Structure formats: C-alpha cells, structure tokens
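Please build the complete structure, drawing on both the sequences and the hints.
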Amino acid sequence: MHVGRSTPRKEGRSKVTGQARYVDDLALPGMLHGVTVRSASPRGLIRDIRYAPGIPWDDVVVVTAADIPGANVVALINDDQPYLADGRVNHAEEPVVLLAHRDRSLLEEARRRVTIEIEPLPPVYTIEESLAAREIIWGTDNTFKKYLVSRGDVDAALADAVTIVEGEYETGAQEQLYIEPNGMLAVARREDGVTVWGSMQCPYYVHRAIERLFNLPTERIRVVQMETGGGFGGKEEYPSILAGHAALLAWKSGRPVKIVYDRAEDMVATTKRHPSRTRHRTAVTKDGRLLAMDIDFVIDGGAYSTLSPVVLSRGTIHAPGPYYCPNVRVRGRAVATNVPPHGAFRGFGAPQSIFALERHMDRVAAAIDMPPAELRRKNFIQTGQTSAVGQVMRDPIDMPALLDRALELSDYHARRARFDASNAAASLKKGIGFAAFMHGAGFTGSGEDHLASVVTLEATVEGRVRVLTSCTEIGQGTNTVFSQIAADALGIDVAAIDIVQPDTASVPDSGPTVASRTCMIVGKLVESAALNLRTTLDGAMGGNKDFTSACREYIQQIGPLRASSQYHAPAGARWSDERYEGDAYGTYAWAVYVAEVTIDMTTCEVQLDDFVALQEVGRVINPVLATGQIEGGVAQGIGWTLFERVVWRDGRMANAQMTNYIMPTSMDLPPIRVFFEETPYEHGPGGAKGIGELPMDGAAPAIANAVSHAAGVSITEIPITPERLMALMEIAVA
Amino acid sequence: MTRLLDALRDLHLTGVKEGCGEGECGACSILLDGRLVNSCLVPLIQAGRAVIVTIEGVAQGERLHAVQEAFIARGGAQCGICTPGMVLAAVSLLERNPHPNDAEIRAGLAGNLCRCTGYMRIFDAVLDACRRLDNDSR
Amino acid sequence: MRGYFPAFDLRAPKDLPAVLRMLADEPGSWRPFAGGTDLMVLFEAGKLPPGKYVSLWGLKELSGTVVATDTVTLGALTTYTDVLAHPVLGAEFPLLCRAAEQTGGAATQNRGTLGGNIANASPAADTPPALLVYDAELELISARGSRRVPYERFHSGYKAMDLKADEIIKSITLPRGRGSWIQAYRKVGTRKAQAISKICFAAAADLDGQVIRDVRIAFGSVAPAVVRCPGVESVLRGRTLDDKLPAAASLALEHDIAPIDDMRSSASYRLHVARNLLIQFVSETLLRRTH
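Chains as they are written, first to last, in this note's numbering: chain C, 1 to 734; chain G, 1001 to 1138; chain R, 2001 to 2291.
Quick caveat, the hints were computed from the structure, so don't treat them as lab data.
There's no promise every hint is true.
From the structure, some residues in chain R lie toward chain G, with a derived Cβ separation under 7 Å [claimed, not checked]:
no., residue
1, 2012
2, 2016
3, 2036
4, 2037
5, 2073
6, 2105
7, 2111
8, 2163
Computed footprint of chain C on chain R, listed as stretches where at least three residues anywhere in the stretch have a Cβ under 8 Å from a Cβ of chain C [to be verified]:
no., stretch
9, 2038–2045
10, 2181–2193
11, 2261–2272
Every value quoted in this text rests on a predicted model; they were computed, and no experiment measured them.
For glycine and all other residues, C-beta sits at the position ideal for the given N, C-alpha and C.
Here it is, written out as structure tokens:
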C-alpha cells in the first residue's frame, strides 16, 4: 500500500537538481519577448496613444484592442473584462498596448516611450465608497453579486434577545507572492492555431479563454502547463490574460512570443486576495447559546467581476462557521472598485469571513463572561444537524474532541491563566488564542456537477500506467498523491505510474486545480479509473498474470488499454442554485488552531511563540506532503495576519517590491506543530478529504485572539502591524 | 552591463531562477568563489576568473548531495522554484557550520524566501542532511 | 527588470590608482560601484541613473582590516561577513556586529560593504548608527591625495555627503578602548530578517558608578540622514542616573530627530518607538547595570 505513506515527491529529483523546466527556461528559435503597456490612471477615457521617437518602432510588434481577431473579453463568469482596454480604463495598470521585440532590454525602453492619454473620471477605491454608489462604475449599483442566506427568524430573535453583541471586522488585500512570476510562451498562426506553454493552475480555463479571444475551433488550441512555481490561486484565472496577450503578439508577428512578468509587474498588475468588511450582530443567551447570527459580508472585487461571485459564495457559506444556530442571516455582496481585479487566493473568501466570525466569537464570550472555549463547545454543529444553507451534516463530526485535543497540545488553559496573572506589569505581554473552523472541499454547490470532470488512465506494453488529467502539480503534490492512489487501486508499485504533463491536446478536462478538489474529487476519479482499468485487464487476461505481462498481452492481443472515470455527485446530494440552498459541499475538513504570542511593548511587535494546527481531513494520503500543505498554509495565514500589507496609493499598489511587501522569512515563523485526526470520508480516494485551503482559514483569527488576549484590546482588523497595534493601545490607555 | 544571472541562464544553467531581481528572494543564489551570492545583483564583470557553482553542479553525476537527498525525503521542496537557491544556501551553511542549531539554520536560510512550505520541512531537511553527511564521513 | 543594460557602462580597472585616475579625468561622470546590493536593486526598479560606473569590487587597497593599538581600520570593501568573522570586532564593537548580522541574509552579507552602506547614504542603513556611536572616522581618497573626516560630519542631509566627485571612501577607522562602555543596538525592521529599518537605535555609555561620564546616542530611519543625538547626549552627559533622567532624555529627543510617514511606517510610530528605546536604554540597560 502506498496511501498513508510518505512516498517521496514524484518530481522531487528534477526540482532539487534544477532540471525542472519552468516557462522562463524555454526558448524557441526566432522568439520575441513581450511587454505590456498599462494605464497610469485608475479610471477614464482613452483619448490617444502616442509612440515617442527614439525606438525603431518599425521593428517592434504593437498590438492594441483593434488587433483582436475574436472577442475582446476574458471568458470566465460575467465576461466583463477586456483583454486590452478599448476606449476606457477601469483600473490603474490595466493593459492597453502590447509590444514585442527580440531584445528584452530594448522593450523596457520602448514601454516607457508609449504614452496613453486618459481623460480622467472619478475613481472609487473602497468598499464604503462603492456601496455609497455616488459614482456608478459597474452595472447599476456597483455590485457584482449578492447572496442572501436566511434561516429561521433573525429579526424576531434579535428583538427578543437580552444580549446582542455587535462587531465590525476588516481584512486587507494579500498578494499570492508565488516565487515564480507569471509567464507564458505562445505560438500562433492562422493556419495552425494557437499553442501556449506556461505557468498555470487551470489549462482548460486558458484554453476556453483563448478560444473566445481568437474565435477558433477548440481543436486548434493547445495549452500546456510547464512546471509551475507556486500558484495559491494567483495562477487560477490570471494566466488566461497573460496567455492571450502572448498569443496576440505571436499572432500578429508570426513569431513565438514569451512574456514573463518581472516581480514589480506581477505584484502591481495581477490579482490579490479580496479585501473584506464583515459586520456581525449576534444574539446569545446568558448561558452561551447562540440565538441569532446576523452577518453582513462584503468583499472588494476590484474593477472587473472575474471570480468574485464564487469567492463571495464560499465566503458567505463559511461565514456562520462550524456552529449550529436556529436563526441565521448572511447577506453577501461583492462590489466594484477602480483597483486591479482581486481574485482567487487559497481559502477563496472563507478566510475573510472566518476571521470575522472567530474574532467575534471571542467577543461574544467576553460579553457574557464565559471562557471562549466554553462558548464554542456549546454551539458546535453536530452530525445530523442542518447548516445555515440547509445542508444536513451526514458525516461524523466531533469538534468538541478536536477542541480538547488542540487546547491540550498547546497547554492552553494553564498558559492563559499564567499570562493573565503576569501580563499587567510586563513589558513583554503574552497571549494565547484559538480559532475553530471548517472548510468545504471541492466546488461550491452544483459546481462539480457542471464541471463533470474526467480522468483517463492508460497502460503501456512495459506495464507502466499513465495518468491523464488536467490537474496541475503546482507544488502541492498532485503528481505524488495521484501516483499513490493509482498504484494502490492497480495493485502495482508507485514507480510504475507516470503523470502525463497537462496538455489540452492530450489530457481530458478534469476541471481546474483549485478549491481543495484535486485530491478529493479528481483523486477519486483517478482511483475509480484505475479500478476500471484493473477490472478490464483482469476480465480479459484473468487475475493471475503479473501486471506487466498482462498489460503487454492485452495491448498486443486486444488493443489500447485505457479506462476513464467521470464525476457524478454522490447519491442524495442536492443543491439549488435558485434558492442557494442545500448540500453546499460534499464534505468539510474541521480544525482548531492555537496561537501563542508575545507583544514587545517597546515596539508593539508581535512574535509568535508557538502554533498548533490540529485538523480532521479524512484519510491522510501522504503525511509529509500533507504536513507541508498545512505548514505552508499556516505560514501564508501568519503573513496575512501580521506582515502583509498592500499599501494603496491612487488605486495602485505602492509597495510592489519584495523588499517592501513583507512576507515571512525563515526567522519570522514559530514552530508550526501539525496534527491530524483521520476520519475516512466515504467518497474520497482512500477516505481522503480536501486539505489545501483549510490551513489558510485559521491563523488569522487564532493570532488575533491571542494578540487581543495579550494586549487587552480588541483586534478587529488585519494585518496587525506594530503601527496599528500601538495606535490601538494608545487609544485604550487614553 | 550584464547581470551574472542572465549570463548563467544564457549558458543554459536555468536552474538559476529569477524570482525578484532585487536580491530579496534568493532564487538566483549561487556560490561565487565559495560564497553564497544573489546572482541578480552581481554584474558579470565582477565575476571574472571566479569559481562558480550553480545548482547544476551540486550533485556529483547521478549521485545527489546529501542536502538534495534530504530535501526530497523530508518534503523540503514543493513548487521547486526556490529550491535551487535554498539547496545552495543550505549547502553553504553546512560547509561553514556542519551542525547548526535551529536558530543558525533559520539565520542561514533567511535570505531565501519560500512561499510554499512555511520552512518547517526545509529546517527538517537541513537537520537530516547533517545526519547524512555525518554518516557519509564515518 | 526595468533597467536598460546598454545604458550602463560598468568598468573594472585593475587597481586603485586606475580608478582614481578615471575619477580625476572626468569628475562626476563615474559613479563608484561596490558589491551592488543597493545599486542593483535600483537598477531592477528602473531607478538607477544610466551612465558610467566604476567597479571597486576586489580592489586590494580598499580591503582588509588593520588592528593597531588604539584603532581598528576597516577597508571600505569590508563586507558584513568580514565584520562577523573578525574576533576583535566581535569583542570590542558588538554594535557593528549586531548591525552586520541583521543586514539582509547570508548572500547580502557576502556582498554588502561598509563603504557602500555609508556612500549609499540611506537614512535607513543599519551600520551607520553603530559607526556614529563608535566615533568612526573616514579616510577619503582621490588622485589629489587623501583626507580624514569624522563620520559624524559626513552626512549633511538626505543623500547629501561630504564626498567630492573624484573621491571615494578608502577606509573606516574606529577608536579602541571602549570595551567597558555599556552598549545597546536595536533594529526595528519590517520583519526579523531581510528587513529595512523602521527605526534603528545604537547607544553606548561610559559609567562611573551612578554617573554617566560620557554617552553616544544614534538613530537611523528617523531623519533625512542617520543622526547622532546631541540634545539627548547633553542631557545625559555628566548626570547621575535617577528616575527622572529617562523622561528628560525623551523630551530632548524630539529636537534631535524628525521622523516621517512612508510606506514602511509612520512618523508617530517612529517617534514613539524611538522614545521607548531611549527610555529603555536609560532606565533599564543603564540603571540595571548600576544596581
């Protein structure tokens, strides 16, 4: 058996030797480099584009919106975003002109000599300004999408309640900061069609976007994923734009064109985590029962809707957290602002709403003078209960046990008491806090039904088995866990499995590599396709031959040995898009994270001393990889909570350098102690659930609760920079 | 002017990665006369006659360096883009200090940013590499 | 990458006289280029002025450390790694070592130089506060000869310094004999490593029982240049340590520094933390030592 063991990373050797090939490592004969000329203005009408002398413009390929052969729209959900601004711009850094030349250095000069003259229109920069709707910048009311979750009678419960706790919480934008910037290489000719190679999570998203952009039949487009140096959501939707840009330049020039962003461009122009503002009104009894939760959740989508509707959906559904409450209302809205579109980032809306909830739960507990753990314990949702969107929780859930174990692992109670006793006079104040939460795995609602993902396995005469899927390895371990799952289902060694490079010319559409779905949803398809293949083989050859000779004989005597599997929802799963109600996710992973902090009162710097991450994720397929996923997610969560602040100036990221946008170094992180509970999930491969996004949800509220405990002030906004904390503590003293 | 980074990549030593171009991420780390440097910050003219080791020169033929083996075994590499620089930083650290403690490992790798791992598996890999090197030298 | 390579002419002469001749022949047109840890960052951002640059890297005349009876002289090309490896610096100039170990990561420490850190004239540089506390003296050299300037008088404003167009920094000299001084260094950065200072503090005091016989206080990132704090020092010098002294020093500080808001921090935070660090030095570091 391979599942459950720490099989070494499939492509580990090529990565540690530097042999793994990323898009920037590719070059084709006659290749040109491309750059993007962007809007300097946040909103306005394009009046003129001028090309200053000093550049051999005849020798430079220039593409504008007028050169687009198909539709000037990035096909995604609402199709509101142009590939190249045409007539007007809606955010700073919006692409307007593309340039290509063989000399990358000369292009930098050329880019500076293009002037885009823009007649300014009044911009909208914040959620509040957008909601105020004095300036309408999108649709009729600046709102990309609204959801309303409603159960019970929230207004009546609030009217009757003795104790109502209100709170408002904010989270900032966060840059994904994969260390490999976005990059694409394209070849495009009228006679052959379009081929792109690049860094991406979702080859078929790119494929469909290119189809619309060039108005070409699907078989004349080919999208190939190169080794991808991190994504975290940042290479979910954005690569469709970059691939289109490279392809447009290639189309016009007849030459291969590569565009690789430098770090500054990647930071200033591509997507980030949606900023959010959440308001809570909670009615609670004296003995800690939640009576009503009234939640208003708003995210800033930026200038175009991109993925905001689905980010909003996940954030909205996760907003009431792992609790049962008879009366719940969640109003979710995604609004437009004139900043570059915000997009997918690990957690996908849930970290924002869970931060608000879990910070708020500590405040509710304080309001009724109850320990935070006790309040949670009284309200955890249990198996058989129904969530706010009407999902009956069928799988085993034991949040109280998870909470107990996490608090014990972190020595929570003793430390909390000790810090309470020692903090008053200390110049180093200590605090401990936790967050309880869950994360739904796979697409929300009917998403997986619409995707109807397919995986194919194919055996060779050598007895090797090739796994064909569009799910990409982006560091999270796809290649390895798919190999483990396939090997076990086939009953062969993991070394005999080959994962085929995702290439839309050869792999089926297994859906995008997002939403913690790869292992649980697509891994299950790998497992069932492998079982099908084995059944076919055994049926034809009998089960007694060794696998290699059976394959060889089958292929020689019968023909190609292939098996596929397509997604079908588990029996009984129901979701209504119209009523926004039903089984929101196939299952959930559950977790309790505990953070211990020290605040240096001289500087208000927060140091993390310990971090315990305990989760129930179904069966763990590969302990080393799974632990790495949790640690990495927690580290990103710590960055979001303490360090990572996007400084906005006139709708533009002002600190778009790695030296000024602060992600954690090896010196900034505490020991991250990871623990698993494993309750097998019947519809996951080997019992596994999704895992990738979960760890992003818990760090922020756990740390904010710990800092609030240490400082004696209520943290309502992240990042908790020393500047912000000092200001809060001064107000508290005054 | 030419950057050493570009000169190396033009020689098809593409294991040298460009993550930021500003000496912040360490993905372009190499050993220049035995010292770890960010090749994006070094002009080629300053590297004349220097002995350069890139990630391509860390393994001895098919035989991986102990640090490379440990990175595979312990989950020190995820997406792999920081890995060449991180491996070289670890190799350089262990050459200077064969038995670093946790604080020394953290300090030794502080110039190499990793967004995937949260560093914990990398620290583990460095400790594992120390053990492998000790065993090799016995 | 926003720099345009052909617009940068970088030469590497074989020795110091050749460099000085280039600087003398075309004063102002050649800019010195040492380890590149500052200039190449500007290049990446497209902010390095195109033109002529002369590489100093590897010049023997600017390298090495000379330990004399009363002084230690460090060549301008002394790297942070060199600083950290030197036993005399470790024993007698701990603030400089603390600054060096907190500058960048290992790769930056291998390339960044003291001379470059000074000549880059960043108000946020990490070693200058330590050099100010140690009464460092610079030797500047040109084809015309050399001269010595107290480091305290070298920076005259934002990126302004007492360095002629044909001159470069040759060495930095630190007076010895302060091993018994009580010293403190604190870099408050945006994170624990690879950080630019939001406030950098260096201080040293010579105590005679309860009396502060002499004192040096310096800050980075709170003024257009790295600053020594004469007002604070005069409040402290010759005074007996008591409970009122920290507040008096803190009051004087406001005249010595002028912090601003930028993308890394705010003026009010900087002022507040600068005060806290000073108070902590006087009330905890010094008072604790005397008890």
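Quick rundown of the hints versus the structure:
no. : hint      : in the structure
1   : 2012      : holds, 5 Å
2   : 2016      : violated, 16 Å
3   : 2036      : holds, 5 Å
4   : 2037      : holds, 6 Å
5   : 2073      : violated, 23 Å
6   : 2105      : holds, 2 Å
7   : 2111      : holds, 6 Å
8   : 2163      : violated, 22 Å
9   : 2038–2045 : holds (count 3)
10  : 2181–2193 : holds (count 5)
11  : 2261–2272 : holds (count 7)
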